[in-house]
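Position chain B against the provided structure of chain A, taking the given hints into account.
Going down the list, the sequences are from chains A and B.
The opening position of the first sequence corresponds to residue 180 in the numbering used here, with each subsequent residue numbered one higher.
The opening position of the second sequence corresponds to residue 596 in the numbering used here, with each subsequent residue numbered one higher.
Don't read these hints as lab results, they were simulated from the structure.
Where hints are given, some of them may not hold.
[As the list claims (entries may be wrong)] Here are some, though not all, of the chain A residues that point toward chain B, as calculated from beta-carbon distances under 7 Å:
id, residue
1, T199
2, N203
3, Y212
4, V227
5, K279
6, F282
7, A284
8, G285
9, V290
Positions of the beta carbon are idealized from the N, C-alpha and C atoms, including for glycine.
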Amino acid sequence: ELKVEQNPLFLSMQEGKNYTIYCNYSTTSDRLYWYRQDPGKSLESLFVLLSNGAVKQEGRLMASLDTKARLSTLHITAAVHDLSATYFCAVDPTMEYGNKLVFGAGTILRVKS
Amino acid sequence: SQTIHQWPATLVQPVGSPLSLECTVEGTSNPNLYWYRQAAGRGLQLLFYSVGIGQISSEVPQNLSASRPQDRQFILSSKKLLLSDSGFYLCAWSAPEYIGNQPQHFGDGTRLSIL
Chain A
180 ELKVEQNPLF LSMQEGKNYT IYCNYSTTSD RLYWYRQDPG KSLESLFVLL
230 SNGAVKQEGR LMASLDTKAR LSTLHITAAV HDLSATYFCA VDPTMEYGNK
280 LVFGAGTILR VKS
Chain B
596 SQTIHQWPAT LVQPVGSPLS LECTVEGTSN PNLYWYRQAA GRGLQLLFYS
646 VGIGQISSEV PQNLSASRPQ DRQFILSSKK LLLSDSGFYL CAWSAPEYIG
696 NQPQHFGDGT RLSIL
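For reference, chain A alone in the conformation it holds in the complex (with noise of 0.2 Å):
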């Protein structure tokens, strides 16, 4: 069974910081995606990466793809409020499970002024 952990769950930080969401997952992959869900809203889509060593960024984020470690980062650079949200990785593990996603449980960002 895929197993998608996201450490930490929860991240305070102050404005202006700098810091890192992490991503594992158990199988083999080259199909990882980046959601972010503000309190009672659905999901939009960040970032999608599809291979080893991928990179995306956008504003003050910044997803990339070690497919090898099983391992996607997400790098919150000089942090704003407005960053504040749940961000969620999901992985297509695609050759066992065709077109589905399997999420991780989300990383609950506060950003402190």
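Okay, now just chain B, sitting in the frame of chain A:
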């Protein structure tokens, strides 16, 4: 452009009552469709997915069922709701051909409370 609609946005139901949640997608043909449930403060659990009309795969045994009567319509149902069915239900779609560079796109969700 493609859009996904889910309704109702919120629902309060007594234990033992039936359930019907509806999801429709516009702007694409033969999408893959998904139902997820999110318990409070938790991640997403895939309940059902469908790759075509009448084709439903169940991921978790439970008292819920799904149907796809039309190409872009996905319905989540129950004959008798349990307290444990409370949660945030999300419908999602993805491109019909498996194209890894396309994420799943989510609807706004239905918040279901069972009393």
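Note to self: Take the shortest C-beta to C-beta distance between A/K279 and chain B; is it under 7 Å?
What the structure shows: Constraint on A/K279 satisfied, holds at 6 Å.
Checklist line | Hint check, A/V290 versus chain B [nearest Cβ-Cβ separation less than 7 Å] | finding: 19 Å, violated
Note to self: Just to be careful: measuring from the Cβ of A/G285 to every Cβ in chain B, is the smallest value less than 7 Å?
What the structure shows: 5 Å, holds
Notebook entry, point to check: Any CB of chain B closer than 7 Å to the CB of A/V227?
Noted result: Result: holds, 5 Å to nearest chain B Cβ.
Notebook entry, point to check: Is the shortest C-beta separation between A/A284 and chain B less than 7 Å?
Noted result: Because about 4 Å separates A/A284 from the closest Cβ in chain B, which is inside the 7 Å limit, the hint holds.
Checklist line | A/T199 as chain B interface residue, shortest Cβ-Cβ below 7 Å | finding: Hint on A/T199: violated, closest Cβ of chain B at ~19 Å, above 7 Å.
Next item on the list: Grab the minimum C-beta distance from A/N203 to chain B and call the hint holds if it beats 7 Å, violated otherwise.
Entry: 14 Å, violated
Notebook entry, point to check: Would the hint on A/Y212 stand, with a C-beta cut-off of 7 Å toward chain B?
Noted result: At 5 Å from the nearest chain B Cβ, A/Y212 passes the 7 Å test, so the hint holds.
Next item on the list: Could you check if A/F282 really has its C-beta closer than 7 Å to a C-beta on chain B?
Entry: 4 Å, holds
Consistency note: the structure conflicts with the earlier hints numbered 1, 2, 9.
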